[in-house]
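Participant: Same order as they appear, the protein sequences are chains D and R.
For what it's worth, the numbering used here labels the leading residue of the first sequence as 1, then goes sequentially.
For what it's worth, the numbering used here labels the leading residue of the second sequence as 356, then goes sequentially.
These are computed hints drawn from the structure, not numbers from a lab.
Heads up, a few of these hints could be off.
Only some residues are given here: those of chain R computed to face chain D with a beta carbon under 10 Å [what the hints assert, rightly or not]:
1) 373
2) 376
3) 378
4) 381
5) 423
6) 427
7) 462
8) 518
9) 541
10) 552
11) 560
12) 561
13) 564
14) 568
Okay, the calculated beta carbon distance ranges per label pair [claimed, not checked]:
15) 474/R <-> 106/D: 31 to 37 Å
16) 37/D <-> 474/R: 38 to 44 Å
17) 534/R <-> 316/D: 50 to 56 Å
Note that this is a predicted model, so its numbers are computed, not measured.
Cβ coordinates follow ideal geometry from the N, Cα and C atoms, glycine included.
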Amino acid sequence: MTGVQLRNLGIRYGQVEVLKGIDLDIPPSEFIVLLGPSGCGKSTLLNAIAGLQDVAEGQILIGSHDMTNVEPKNRGIAMVFQSYALYPRMSVRGNLSFGLKVAGTAKPEIEKRVANAARMLQIEPLLDRKPSELSGGQRQRVAIGRAVVRDAGVFLFDEPLSNLDAQLRSDLRVEIKRLHQRLKSTMIYVTHDQIEAMTLADRIVVMKDRIIQQQGTPDEIYNKPANTFVARFVGSPAMNFLDAAVEGGDVIIDGKAVRITSALQAPLANGRKVIVGIRPEDVVLHAEEAASGVAVEVDVVEPMGAEKLVWCKRGSIGICAKTSASVSIKPGDKAWLGLSEDRLHIFDADSGKRV
Amino acid sequence: MTTENGRAPVHRKAYAAPLSRALTYVLLIAIAIVVLIPLYVMIVTAFKSMEEIRTGTLLSLPHALTFEYWSKAWNSACTGLRCEGLKVGFVNSVLITIPSVALAIAAGAVTGYALSFWRVRFANVLFTVLLIGGFFPYQVLIYPLVHITSTIGLFNSLAGVIAVHVVFALPVVTLLFRNYFATIPIDLFKAARVDGAGYWRFFFSILLPMSVPMIAVAGILQVTFIWNDYIVGLVFGGINYAPMTVQLNNIVHSTYGEREYNVEMAATLLTSIIPLLVYFTSGRWFVRGVASGAVKG
Numbered sequence: 001m002t003g004v005q006l007r008n009l010g011i012r013y014g015q016v017e018v019l020k021g022i023d024l025d026i027p028p029s030e031f032i033v034l035l036g037p038s039g040c041g042k043s044t045l046l047n048a049i050a051g052l053q054d055v056a057e058g059q060i061l062i063g064s065h066d067m068t069n070v071e072p073k074n075r076g077i078a079m080v081f082q083s084y085a086l087y088p089r090m091s092v093r094g095n096l097s098f099g100l101k102v103a104g105t106a107k108p109e110i111e112k113r114v115a116n117a118a119r120m121l122q123i124e125p126l127l128d129r130k131p132s133e134l135s136g137g138q139r140q141r142v143a144i145g146r147a148v149v150r151d152a153g154v155f156l157f158d159e160p161l162s163n164l165d166a167q168l169r170s171d172l173r174v175e176i177k178r179l180h181q182r183l184k185s186t187m188i189y190v191t192h193d194q195i196e197a198m199t200l201a202d203r204i205v206v207m208k209d210r211i212i213q214q215q216g217t218p219d220e221i222y223n224k225p226a227n228t229f230v231a232r233f234v235g236s237p238a239m240n241f242l243d244a245a246v247e248g249g250d251v252i253i254d255g256k257a258v259r260i261t262s263a264l265q266a267p268l269a270n271g272r273k274v275i276v277g278i279r280p281e282d283v284v285l286h287a288e289e290a291a292s293g294v295a296v297e298v299d300v301v302e303p304m305g306a307e308k309l310v311w312c313k314r315g316s317i318g319i320c321a322k323t324s325a326s327v328s329i330k331p332g333d334k335a336w337l338g339l340s341e342d343r344l345h346i347f348d349a350d351s352g353k354r355v
Numbered sequence: 356m357t358t359e360n361g362r363a364p365v366h367r368k369a370y371a372a373p374l375s376r377a378l379t380y381v382l383l384i385a386i387a388i389v390v391l392i393p394l395y396v397m398i399v400t401a402f403k404s405m406e407e408i409r410t411g412t413l414l415s416l417p418h419a420l421t422f423e424y425w426s427k428a429w430n431s432a433c434t435g436l437r438c439e440g441l442k443v444g445f446v447n448s449v450l451i452t453i454p455s456v457a458l459a460i461a462a463g464a465v466t467g468y469a470l471s472f473w474r475v476r477f478a479n480v481l482f483t484v485l486l487i488g489g490f491f492p493y494q495v496l497i498y499p500l501v502h503i504t505s506t507i508g509l510f511n512s513l514a515g516v517i518a519v520h521v522v523f524a525l526p527v528v529t530l531l532f533r534n535y536f537a538t539i540p541i542d543l544f545k546a547a548r549v550d551g552a553g554y555w556r557f558f559f560s561i562l563l564p565m566s567v568p569m570i571a572v573a574g575i576l577q578v579t580f581i582w583n584d585y586i587v588g589l590v591f592g593g594i595n596y597a598p599m600t601v602q603l604n605n606i607v608h609s610t611y612g613e614r615e616y617n618v619e620m621a622a623t624l625l626t627s628i629i630p631l632l633v634y635f636t637s638g639r640w641f642v643r644g645v646a647s648g649a650v651k652g
C-alpha cells in the first residue's frame, strides 16, 4: 500500500503564489478529503499530486519515492474527474483499456482487468456502448472503472459527484466508500460538499485561501473546529455565531449571561471580545418560559420530516434551533432557548481562532 | 435536460405574424430569383447552338438537347496554343487541390493542437502573428514568394503551387482547429495523460476522432478556395500545372474570330462543378461542424 507525503509544497502561476508551504502526510490506505470552497486551491493540490500541475518548490512523495518531477503515468496513480472526461469516440471497453494499451499490457491481462472492474462497478452490460449513450451516473461509474483498471496505489478524485443529481450522488457516494473498503487503496478526494467529506473521510483537510485551516477526523472537525471558518463551513444548517463579551466566568450575549467555563481550557480575561458558536442541534428550544432560557421570537419554521428547523430572532440577532418534529410552534410565537454550556464553541473575535 | 433540472423548457416563439412571414418569403424568393437567373442563362446557353444564341432569346429553352459544346469545352477547346480542352486543367486542379487540402488540414490541426493543449512558449504571440498573417491580402506576398520559391527551386512546379496554398491556408485552418480544440474540456487531456498518452497518442487516438466535423469544415473551405484559386496557380504553376481556372480564362479570353458563348458557358459550368458538388453533398456536415462548438456531450 502506498502513502503520500507533501513536503513544503509551493505552486505558482507566473508570479502569483497559488499554494505555499503545504505539508501533508497521508498514510497508506487512508481516505482523505480535501474540503474547501471553490478557489481555495484544493483542485490545484490534487493536480500537483497527479503530476498535471508543475510544482515550484517542495516535494511530492508517493510510496516514499520522490515523484515531484515524474510523468503522471509513472506515479502509480489513477484519477477521476468531475466532468467524467471519458474519451467520446471510444466504447466503454475502449475507455477502460486505453491506459493499459498505451502501457503495452498483454491482451489477456487487459481483458481480465477490464472484466474485473466492470463487474465491481456493475457496468458489464454497458461495455460496448459509447459514452454519449450513457446517463450521468453510468458515465461516472465508467470513469471510476477506468481508474480501477489501472490498479493504482493512489486514487485521486476531483469532485467526482458534483455533476450528478442528489439521489445519484448519495448512491455513488456509498459506492465509492465500498470501493475503498474493498481495494484498500489510498484515496485523495476533493470536494466542496461537507456532507461528502463527513461521510467518506477517515480524515478531512479543510482549506481556505490556499491555506490548510484544519486537518482531523470528521469528528474532530465537527466537534472541535479550529476557527470560525471551519465551524461555519462544516455542518448544515451552519453553526450559530453570537458576538459576546467575557465577564467573570460568563459571556454576556445581548445582555444575558451564559456560563462558559466548561467550554474553555483556561479562563478568559474580563472584557475580552469573543464569538460564541453553537450548532442548531445543541440549541434547546422551550415553548414555555424557562428561567435559564433566552427569550426569542420565532421567525421561520422549516419542517424537514424527522426534524424541524426553527429560525428565531432576538433583536438583530438570529439563531437557528433544530427540534423534533413533534414540537408545535409557529412563526410569531415566543420561545426560550437554552444553550448547553458544554456544547459551546468560543472563538476569538479578532482572529476567529478557537480559544 | 431542462426538464430534468426541474425548469420548464423554453419555447421559442414558433410563428411570426402571417403578414411578416409572407413578406419574408416574398423577399427570399425574389433574392433567389436574382441569384438563380444568371445560372439558368448559363445552363441553357451551354446547350444552344450559336445561331440560336444570336437570335437573342436569352431566357428561352434550347431547341435540341446536345452535349456537343460540353464535349468541346472538355476535350478540344483551345487554351492558348494547345487545343486539348479543359480536361488538362481539371487533372492539374485535382493534383493541386488534394495534396494542398490534405497538407493544410494536417498542418493546421497539429498547429492548433499545440497552441491549445500544450503550453507552448509564447503561444499567444505565435497565434497572433499567424492571424495577422491571415489578414494580409495575399497578392501583396506574391512577389516575395516568387523569389523564395525560385531560390529553393520550387517555382513553376506542382510542389511550388501546393506549398504556397498550404502557407496561405495555415492561418484560417489553424484558427478553426485551435478554437474547436479550445471547446474540448481540459479534463479529457488530463485523463489521457494519467493514462499515459503522449503528444501524438492523444492527438491521433482521442482528438482526431472527435474532430471529424471540423475536418469536414476545413476540407470544404479549402477545397472550394483552392479549386477556385486563379492567381496562385497562374503565377506559380507555369504552363504545365495551370489549374482549371487559368485554362478557363484562356478559353474565354483567347479565342479568335467568333466567340463561342455556348462552349464558354459549358466550360465555366464544368469548372465550377466541383465546388458545387462539395457544397451540395456536404452542406449538412458544414453546418454541423460550424455549430459543434455550441453542443456539449
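Participant: I'd like to know which numbered hints this structure contradicts. Please list them from smallest to largest.
Facilitator: Violated: hints 1, 2, 3, 4, 5, 6, 7, 8, 14, 16.
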